[in-house]
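Build the full structure now, drawing on both the sequences and the hints.
Residue numbers (my numbering), protein chains in the order written: chain A, 123 to 349; chain B, 11 to 398.
One or more hints might be untrue.
[Unchecked claim] Derived CB-CB ranges, DEER-like:
| id | chain 1 | residue 1 | chain 2 | residue 2 | range |
| --- | --- | --- | --- | --- | --- |
| 1 | A | Arg253 | B | Asn219 | 49 to 59 Å |
| 2 | A | Ser302 | B | Glu102 | 38 to 48 Å |
| 3 | B | Gln51 | A | Pro150 | 33 to 43 Å |
| 4 | B | Ala61 | A | Gly324 | 32 to 42 Å |
| 5 | A | Tyr155 | B | Gly62 | 38 to 48 Å |
| 6 | A | Ser302 | B | Tyr265 | 20 to 30 Å |
| 7 | B | Lys74 | A | Pro150 | 48 to 58 Å |
| 8 | B | Gly98 | A | Ser349 | 39 to 49 Å |
Everything labelled a hint here was simulated from the structure, so no lab data went into it.
Built from N, CA and C at the ideal position, the CB exists for glycine as well.
Now for the letters of each chain:
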Amino acid sequence: MSPKRIFPGVYRLESEAGKALATMNLTPGRRFYGEQLVTVDGVEYRTWNPYRSKLAAAIRKGLGVMPLSRGDKVLYLGVASGTTCSHVSDIIGVGGHVWGVDFAPRPIRDLIEGLAKHRANVSPILGDARRPRTYALNVPKVDGIYADVAQPDQAGIVIENARVFLKSGGWAVMAVKSRSIDVTKAPQRVYEAEIEKLREGGFEIVESLELDPFEKDHALVVARLKS
Amino acid sequence: MNGNAESGSQIHVVETLIGIFALTHDNDIVERVLYPRDAKQINAALERHAAGEPSKEMSEMVEKLVQRGFETVIISNEHLADALRGAGVNVEIVEDSGPEDFVRENIESIAVDFRAVEDKTQYYALSREVSVLRTRKDIQKAQSERGATIIQTAQLLNELDKSLNVLSGKLREWYGLHFPELSRAVDDHKIYALLVERLGDRSNFSPENLGELELGDRVKGILSASEDSMGAPLLSEDEEHLRSLAANLVSLYSYRESLEALIMSIAEEAVPNLSVVAGPVLAAKLLEKAGGLKKLAMMPSSTVQILGAEKALFRSKMTGAKPPKHGLIFQHPYVHAKPRKLRGKAARTLAAKLSLAARADAFTGNPIGAELRRQLDEDAERQATESV
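Here it is as structure tokens:
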């Protein structure tokens, strides 16, 4: 078995048992949501399930540019209990930091106990992504925004948060769940409409990918704020 | 501008995690008051500001600004306005002010420059500590708000159960005049009501009709009961009323199910530890009886043990009868599944664990529920194998 680097911090593990995406474990020996720990040449990796994480699904679907890089400061909207966030934390490493926002107390509680307690680069925030000013004090300017909020006005939320937090030239990744925006429209039309909104909000679209079969009626959009 | 401001001029005030800064239009920091390097104290100051009250640091800042001759401060965020006015200065709110952006963009280096922290890493460590602290408090607040809902819903569930029992009893008596044997054949009130609603007259109790209701192996018993019934014929006027009463009961029973589901989801959110140990519905009932999470958490566990058995407790005090072994917590399988002899002991053990869980939910927020539950389960298993 040899880990193949796909992006900085993201690897493909190959063994007789099969192939798997993985990130280097920032906290060796510890796992967070039932993922597997695999050690190769003394380095421990955590497998990354594309059915559990939309970012992993996008990578499996052939993501061309990885917006996340080592040392990034990231604002994560809709962090839930931190499944994807744990891998973001792996990728940005010790020098980076991720602020995870969610408005449901229960998952944030799990995020604190499960992830934030053990990782110095994760800060939890109980807040409403639609009102970025309410957590403006705790979050500085960031290199990127990762949004998975499943709200009808998702693009608007990203734009609003970008205005407060995103450095110019910073990136945004938005997971679009077409059914939480408009169930009656065809998913493709919903994606296009959301992408158009991002453009109008000052973003340049880098790429967009549909996530089936990992997630039905979902797309992931990568954008960059024009400087 | 070197801080020698003319009287009446304006200055920007920006709140950060490390302290309060005053800047000119050209991003020149003219005054600063830093918070102590301690997440708890920082959080306390931020909370005061959010509540519209000035902190010690804010009062100090305003005093300095007034001495320098500034009479009006500009801020970008409304929530600081009350606190500043409280400290005695005029306030003007301007959205997206340049100086605020400047501070936000350079906060790490500003923190290092003014020695609020040693280096950038330390700034992020401090910021994270404040975030965790604040988030924990926010969660606790959100949970106690949900706690109030639990009490209401648990009371409603209680009343609903009482009414459902009374009305179901009435339905059984009235319909029993026509079909007395059905009461024996069907114990479950909901199914009884469903049968009356759907079928009405006894003569409709055919294998085909019953088959449609998906009653499983109850069908046989119901059919044999309907043969040679000794009931009186059913008048169509009565049938109409009975069926409409039954229909209402059926819908109330399904409402009861949805209410129970709501209680479960709120309880799991608001009192996660207690829900794991007691089960969400019993957790809600305990909270309701105790009058809130704080009160439940402060009770001695001997009180928790007999919560809901007040009548028996006072009877024992007045007459010297045996004191109750358990109250509401009898509903927990750990108690009621035990042989009678062991129930008193089991109730004590369970009450102790419940108290621990309630205290964790009320005060520390530590997730200890699963471990407590595991201890109880292990204990129950050991006793079961011993008694064999």
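Now for the hints, and whether the structure bears them out:
1. A/Arg253 / B/Asn219: 49 to 59 Å: holds, 57 Å
2. A/Ser302 / B/Glu102: 38 to 48 Å: holds, 40 Å
3. B/Gln51 / A/Pro150: 33 to 43 Å: Holds, since B/Gln51 and A/Pro150 (Cβ atoms, about 35 Å apart) stay within the stated range.
4. B/Ala61 / A/Gly324: 32 to 42 Å: holds, 35 Å
5. A/Tyr155 / B/Gly62: 38 to 48 Å: This hint holds: roughly 41 Å between Cβ atoms.
6. A/Ser302 / B/Tyr265: 20 to 30 Å: holds, 28 Å
7. B/Lys74 / A/Pro150: 48 to 58 Å: For A/Pro150 against B/Lys74, whose Cβ atoms are near 49 Å apart, the range 48 to 58 Å holds.
8. B/Gly98 / A/Ser349: 39 to 49 Å: holds, 42 Å
Checked against the numbered hints above, the structure violates none of them.
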